[in-house]
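Peer 1: Just so you know, the protein sequences line up as chains A and B, in that order.
The first sequence begins at 1 in the UniProt record's numbering and counts up one residue at a time.
The second sequence begins at 1 in the UniProt record's numbering and counts up one residue at a time.
Hints are not guaranteed to be accurate.
Pulled from the structure, derived: some chain A residues nowhere near chain B, Cβ distances all over 12 angstroms [stated by the list, open to error]:
| hint | residue |
| --- | --- |
| 1 | Leu-129 |
| 2 | Gly-153 |
| 3 | Val-240 |
| 4 | Arg-290 |
| 5 | Ser-394 |
| 6 | Ser-399 |
| 7 | Arg-412 |
| 8 | Trp-416 |
| 9 | Glu-537 |
| 10 | Leu-556 |
| 11 | Val-630 |
| 12 | Pro-646 |
Stretches of chain B that chain A covers, calculated by requiring three or more beta carbons in the stretch to come under 8 angstroms of a beta carbon on chain A [as the list claims (entries may be wrong)]:
| hint | stretch |
| --- | --- |
| 13 | 22-31 |
| 14 | 40-46 |
| 15 | 108-122 |
| 16 | 156-168 |
Read the hints as simulated data drawn from the structure, not as lab findings.
This one's a predicted model, so the numbers in the text were calculated from it and none came from an experiment.
Yeah, the Cβ is synthetic: ideal placement off N, Cα and C, and Gly gets one too.
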Amino acid sequence: MTTTTEATRLAGAVGVAHTRVEGLDKVTGAARYAAEHHFTELAHGWMVLSTVARGRITAIDSAPVEAMPGVLAVLHHENAPHLAEASGFFGPDPTVQVLQNDRVPHVGWPVALVVAETPEQAREAAESLVVHYEQEPHDTVFRAGHPDTYTPGDDEDDSVEISKGDMEAELAASAVVVDEWYTTPEEHHNAMEPHGAIARWEDGRLEVIDTTQGAFATAQDLAALLSLDPSSVRVVSEHVGGGFGSKGLVRPHSVLAAMAATVVHRPVRVVMTRRQVFSLVGHRPATAQRMRLGAHADGRLRALDHQASSYTSRVMEYVESSAAISRVLYGADAHHTVNRVVPLDVPTPRWMRAPGEAPGSFAVESAMDELAERCGVDPVALRIRNEPAVGPVSGLPFSSRSTVACFEEGARRFGWAERDPRPAVRREGRWLLGTGVAAATYTAGVVPSTASVTAEAGGDFTVRITAADIGTGARTALVQIAADALEVPVDRIRMRIADSDFGQAMLAGGSTGTRSWAHAIVAAVAELRAVLVPGMEIPADGITVRGNSLDAVRGLAKLERHSFGAQFAEAAVDIATGEVRVRRMLGMFAAGRVVNPLTARSQLVGGMVWGLSMALHEEAHRDAASGGLVGGDLAGYHIAANADVPLIEADWVDEVDPHDPTGIKGLGEIGIVGAAAAVANAVWHATGVRHRQLPIRPDRVLAAAAERG
Amino acid sequence: MALATSSTITLHVNGERRTLPVDHRTTLLDALRDHLELTGSKKGCDHGQCGACTVLIDGRRAVSCLQFAVAAEGREVTTIEGVADGDTLHPVQQAFIDLDGYQCGYCTPGQICSAIAVIEEHAAGWPSAATEDVRPEAGAPPLDADEIRERMSGNLCRCGAYVSIVQAVARAAEAAQGESAQDKSAQGGDLAGAEAGTAVTA
Numbered sequence: 001m002t003t004t005t006e007a008t009r010l011a012g013a014v015g016v017a018h019t020r021v022e023g024l025d026k027v028t029g030a031a032r033y034a035a036e037h038h039f040t041e042l043a044h045g046w047m048v049l050s051t052v053a054r055g056r057i058t059a060i061d062s063a064p065v066e067a068m069p070g071v072l073a074v075l076h077h078e079n080a081p082h083l084a085e086a087s088g089f090f091g092p093d094p095t096v097q098v099l100q101n102d103r104v105p106h107v108g109w110p111v112a113l114v115v116a117e118t119p120e121q122a123r124e125a126a127e128s129l130v131v132h133y134e135q136e137p138h139d140t141v142f143r144a145g146h147p148d149t150y151t152p153g154d155d156e157d158d159s160v161e162i163s164k165g166d167m168e169a170e171l172a173a174s175a176v177v178v179d180e181w182y183t184t185p186e187e188h189h190n191a192m193e194p195h196g197a198i199a200r201w202e203d204g205r206l207e208v209i210d211t212t213q214g215a216f217a218t219a220q221d222l223a224a225l226l227s228l229d230p231s232s233v234r235v236v237s238e239h240v241g242g243g244f245g246s247k248g249l250v251r252p253h254s255v256l257a258a259m260a261a262t263v264v265h266r267p268v269r270v271v272m273t274r275r276q277v278f279s280l281v282g283h284r285p286a287t288a289q290r291m292r293l294g295a296h297a298d299g300r301l302r303a304l305d306h307q308a309s310s311y312t313s314r315v316m317e318y319v320e321s322s323a324a325i326s327r328v329l330y331g332a333d334a335h336h337t338v339n340r341v342v343p344l345d346v347p348t349p350r351w352m353r354a355p356g357e358a359p360g361s362f363a364v365e366s367a368m369d370e371l372a373e374r375c376g377v378d379p380v381a382l383r384i385r386n387e388p389a390v391g392p393v394s395g396l397p398f399s400s401r402s403t404v405a406c407f408e409e410g411a412r413r414f415g416w417a418e419r420d421p422r423p424a425v426r427r428e429g430r431w432l433l434g435t436g437v438a439a440a441t442y443t444a445g446v447v448p449s450t451a452s453v454t455a456e457a458g459g460d461f462t463v464r465i466t467a468a469d470i471g472t473g474a475r476t477a478l479v480q481i482a483a484d485a486l487e488v489p490v491d492r493i494r495m496r497i498a499d500s501d502f503g504q505a506m507l508a509g510g511s512t513g514t515r516s517w518a519h520a521i522v523a524a525v526a527e528l529r530a531v532l533v534p535g536m537e538i539p540a541d542g543i544t545v546r547g548n549s550l551d552a553v554r555g556l557a558k559l560e561r562h563s564f565g566a567q568f569a570e571a572a573v574d575i576a577t578g579e580v581r582v583r584r585m586l587g588m589f590a591a592g593r594v595v596n597p598l599t600a601r602s603q604l605v606g607g608m609v610w611g612l613s614m615a616l617h618e619e620a621h622r623d624a625a626s627g628g629l630v631g632g633d634l635a636g637y638h639i640a641a642n643a644d645v646p647l648i649e650a651d652w653v654d655e656v657d658p659h660d661p662t663g664i665k666g667l668g669e670i671g672i673v674g675a676a677a678a679v680a681n682a683v684w685h686a687t688g689v690r691h692r693q694l695p696i697r698p699d700r701v702l703a704a705a706a707e708r709g
Numbered sequence: 001m002a003l004a005t006s007s008t009i010t011l012h013v014n015g016e017r018r019t020l021p022v023d024h025r026t027t028l029l030d031a032l033r034d035h036l037e038l039t040g041s042k043k044g045c046d047h048g049q050c051g052a053c054t055v056l057i058d059g060r061r062a063v064s065c066l067q068f069a070v071a072a073e074g075r076e077v078t079t080i081e082g083v084a085d086g087d088t089l090h091p092v093q094q095a096f097i098d099l100d101g102y103q104c105g106y107c108t109p110g111q112i113c114s115a116i117a118v119i120e121e122h123a124a125g126w127p128s129a130a131t132e133d134v135r136p137e138a139g140a141p142p143l144d145a146d147e148i149r150e151r152m153s154g155n156l157c158r159c160g161a162y163v164s165i166v167q168a169v170a171r172a173a174e175a176a177q178g179e180s181a182q183d184k185s186a187q188g189g190d191l192a193g194a195e196a197g198t199a200v201t202a
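Isolated chain A (complex conformation):
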């Protein structure tokens, strides 16, 4: 038993580079991910997915499969446990209402789960299961102007379509007009760890080890679906092998594992195959975006019209808000933004890294480059010239906005001043070279969360919070934040995360995690300070207090709160093969207080790699006849490999945001925003040909060059 002492004020831990606290576990293989825990009597579930795009199940020949070696159960819509049509943590989620009826809404919908003693037995049995369907005509082809396109939302929802000024009059009066369509394809997250969960009943509680970005929300949703008391479900996700949005919500594998554990009275593991991941965890829908920009001769915008459309599924409505970014980046006398959708017989798209901003930035930042070209204004100068003083649509002040600093410092480091603005003039052997630039922004959000802090008898402090470290470095960053809040060295902090029993906290997503969790930890530390008196004895089991950031978050002023950045890229285009190689990228960002420069840089660079990959490689091919993906795996869907990625540098300008006590803005998403546009703009500068359709494949480069003659 020890006594507390007056803490000595130390130099802050926040802002200093720290290697990851779980680094040793990750490089030695000791870190265990969801599917890697062992239990006696562990049974194995294997999903059977629909092979038709629309229709109903007429029969499932389960008897022969039930007789196969090791098979314990075949769950399907006629025998599976009932799921409540529960309202999910983020609203109703019909995508997890699996095995509840005979409807088939898309290729890859779960129609059965085979449970067996071993994974080999489960897999063979699942592949042997014959399912009969009554097929109906399907439509899986997205295109601009699809007749079923509609504008979602209702009269009370003003986020879908926002309009001000007289668009047609401003366009007519503009000296320069850009009116072009930009398209992006269906894209998939492909976190390296496929979705997997182990569910088991223990002492009357459902215990689930899951790979999730939000253990608390997942536990709440499982309890609601299975009509259980929320306190009788626990979800943990200590290590998560990447998420990018695909693990943001409860997914079918966890629901099926819980169902099966209930039926077979044993621990059950359900892991998706890579191909199954392609249809069950969400993806980014294809988009078609019309951009209309009208400007004065010097490039100042008079009109900005961003009309985005994408698809959703027939299971639930998801809207990719591609046009939203234009409400933050630029002002114009006439300003119109809308996000429309068309429902198709496809898997439900969901959040994927920088949902909305990633495809939206490709459209608006490509269009701005075209405007710069037509006005004869430098692309960096054009953006600085159009820098708004307040929120372009809201009229609210910015909490902080350092876009100009990002462009100026980025341009200096990238050597932008030496750039010849003319396209297709730099050549090196068979390579045409060019450079491009684009703006980046992402919302800085915060959600009320809870945390507990325990003053331990030995002098350490234990922090418990249902945060998740999906590779972001959150665990390490929270140690630094807690150390500073408690005014102790980092080695006196024990950080426990990713356990729903720790209480409500925001999930790791939308660049809100670290800021939301920091608020909760600060609140808990304040509670602890109110309890602890210098010199008091700490009992053997410590003193634990809980904190809730609800009041602090509600007390924040309503402002435009965003991170900003400037993306620079140099591309080389092979005139013989059409191959595009990115030679270097630089991202300068302004993201408020940076907690851990080491992991922050990794996250930003990682986002930029996503942007490169989006620009040049990623594209899922959906076959119109079958409605399914062609090559839905890591061979058919190429993500950037090591040889695709040059030296990419990310850095940030110092930015103090006085309007948030933590000063944190979040930086998980912003690295991808604008990156694909910067690459596409560099390809234009290299070749003189504008690519408005992603990815910029070699065949498209060659076809465009041939067309141009």
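We have chain A; now place chain B onto it with these hints.
Peer 2: Same frame as chain A, but now just chain B:
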């Protein structure tokens, strides 16, 4: 007569002999993960497309998801759990920590096993698709960034940690070269300065 569908086999893993019954369909990866509780080798695709399951078999890198466990009998298998020397990390492991050559950590064991083999393959004079002069008499090319990128491209990383992975492999390779007393000058290229290397240990 029905053929047997399982066997009891002995695997040599990380210097130990492990005897286990396996279904003949069990891959080496599943035998390691599910039977021997060596879960450091990861399953990212199960199709040999991502490299997360990379292990060393008789000192050479291989994707363990594309081998049956029964076919690995008599081979020396080294997994991520076996690359350190007791409590002393392999230089590649240490470099991954120091230079943040990872994020979520799921591809990391495969990256590290691959990197260990890359350094040895390079030292043995093996060329790659990035090698300018592949004549045997030309000798080993400098292990510069492009060589590392090419040789490490069988290991996907969706977090996009490639830049620091390349720096980590370069640092470990330089350490290995220093050990072999081949005091060559720095490899140059864009590896110099390893700008992420300002790390301190938490």
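Peer 1: Could you run down the list of hints and mark each one as holding or not?
Peer 2: Here is how each hint holds up against the structure:
1. Its beta-carbon lying about 18 angstroms from the closest one in chain B, Leu-129 of chain A satisfies the requirement of being farther than 12 angstroms from that chain.
2. At the 12 angstroms boundary, the C-beta of Gly-153 of chain A stays outside the reach of chain B, the nearest C-beta of that chain being 33 angstroms off.
3. A cut-off of 12 angstroms between C-beta atoms contradicts the statement that Val-240 of chain A is not in contact with chain B; the least separation is 7 angstroms.
4. A cut-off of 12 angstroms between C-beta atoms confirms that Arg-290 of chain A is not in contact with chain B; the least separation is 31 angstroms.
5. Ser-394 of chain A, annotated as away from the interface, keeps every beta carbon of chain B farther than 12 angstroms; the closest lies near 33 angstroms.
6. At the 12 angstroms boundary, the C-beta of Ser-399 of chain A stays outside the reach of chain B, the nearest C-beta of that chain being 28 angstroms off.
7. For Arg-412 of chain A, the condition that its CB be more than 12 angstroms from all CB atoms of chain B holds, with the nearest at approximately 17 angstroms.
8. Under the 12 angstroms C-beta cut-off, the non-interface status given to Trp-416 of chain A relative to chain B holds; the minimum distance is some 19 angstroms.
9. For Glu-537 of chain A, the requirement that its beta carbon stay farther than 12 angstroms from each beta carbon of chain B is met, with the minimum near 30 angstroms.
10. A cut-off of 12 angstroms between C-beta atoms confirms that Leu-556 of chain A is not in contact with chain B; the least separation is 29 angstroms.
11. Residue-level check passed: Val-630 of chain A sits 15 angstroms from the nearest beta carbon of chain B, beyond 12 angstroms.
12. Under the 12 angstroms C-beta cut-off, the non-interface status given to Pro-646 of chain A relative to chain B is violated; the minimum distance is some 8 angstroms.
13. Taking a C-beta to C-beta cut-off of 8 angstroms, the stretch 22-31 of chain B contributes 4 residues in contact with chain A, enough for the three needed, and the coverage statement holds.
14. Taking a C-beta to C-beta cut-off of 8 angstroms, the stretch 40-46 of chain B contributes 7 residues in contact with chain A, enough for the three needed, and the coverage statement holds.
15. Residues of the stretch 108-122 of chain B lying with their CB closer than 8 angstroms to a CB of chain A number 3, which satisfies the three-residue condition for coverage.
16. With a cut-off of 8 angstroms between beta carbons, the stretch 156-168 of chain B has 11 residues touching chain A; three or more are needed, and the interface restraint holds.
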